[in-house]
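Novice: The sequence shown begins at 45 in our numbering and counts up one residue at a time.
If you are wondering where the hints come from, they were derived from the structure by calculation, not from laboratory data.
Idealized CB from N, CA, C, for every residue including glycine.
There may be inaccurate statements among the hints.
[As the list claims (entries may be wrong)] Here are the simulated distance ranges between beta carbons:
id	residue 1	residue 2	range
1	W289	R309	24 to 32 Å
2	V144	T182	41 to 49 Å
3	I371	A114	18 to 26 Å
4	H141	P117	33 to 41 Å
5	R312	G281	38 to 46 Å
6	G190	R280	32 to 40 Å
7	G387	P121	25 to 33 Å
8	T182	V369	39 to 47 Å
9	L356	I170	14 to 22 Å
10	G357	V53	21 to 29 Å
11	Y148	W301	43 to 51 Å
12	S46	R334	15 to 23 Å
13	G142	G174	20 to 28 Å
14	R309	A146	14 to 22 Å
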Amino acid sequence: MSQAVVVFVSLVVAFTISTLLTWWFSRSPALFSRMVDLPNERSLHAGVLPRTGGIAICTALAVAYVLALAAFPLPSPWAWIGGALLLVGGISLLDDHGGVRARYRLTAHLGAGILLLVGGIAWSGIELPGIYRELSNTLSWFLTLGYLVWMVNLYNFMDGMDGFAGGMAVFGFGALGVLGWQGEDPGFALANGVVVAAAAGFLLFNFPPARIFLGDLGSSVLGLLAATLSLIGTRRGLFPLWVAWLAFSPFIVDASWTLLRRLVRGERVWQAHRSHHYQRLVLTGWSHRRTVLWSYLLMGACAVTAVAARDLGMRDQWFLLGAWVVIYLALGIKTRLAERSAGTAAP
């Protein structure tokens, strides 16, 4: 079987399985009666919806990756990646089903990070346009674990609005896939492409108004894959790590800024809240659809500039990064002004 056929079949299989399972789960909430999302004072939704979309996406990814292994050297060492995904996915599935204490989830996330480190997936150096500083082994392990754990939880934190986390997967992994293809690494491109296909199938039923949610399983696995594939792409010389961060920056910037903001205010950062920028916009009166469509515009712009950034000169890369800093500062100010106008600004 030619590689072109494997690519086509893997993408179609990922999309089809995700679509069919998501449709089935959305119409059969009693199938997993304990895996439903009940609205509370921290929620942005009003109805009771199943949170089984992650099962659909993970099943689609598993089948598509097995097919792809028949013809492509997917990002190695795939066995360690599979083990890490099983560990994070397993604890997240338990959390979706009945709740798991935070310390047990964190232990599983750290265990997944250690598996990936043992498999040779590590953050090896600090890199910015024209600057590279290699990390010591100790600092490399410490930063890698922190990055992996943060991305898993970051994606989970940002999965709080219809169509949001699935959309970020389509744009973010899509950008990494294009960079892999441009770098003549079809296996890496396909590894990202099947995530895009699976997320797109889920989005058909998660776009506002959503009929199903990802759940912790889906968001945690997507976060781990975002971190893992970005490190692998960097190790393979396909792009510097900051380019991958730019592709996922709508989530990274919002979650990181919100965490720092809450720390400064002395809030309990481990508790559920509605302080992210997208949540604050919805609370001002923006509809889910309006908020997510504007978010897609931002995600698309980040994806396009991330793909273009690799081939720019050093000066242009710095200009691009500076422009995005200004854009995100402007978006933060815009959100604050919208809150003041609506009378929802926090003291």
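Novice: When the hints from earlier in the document are held up against this structure, which numbers fail?
Specialist: Violated hints: 2, 3, 6, 7, 8, 10, 11, 12, 13; rest satisfied.
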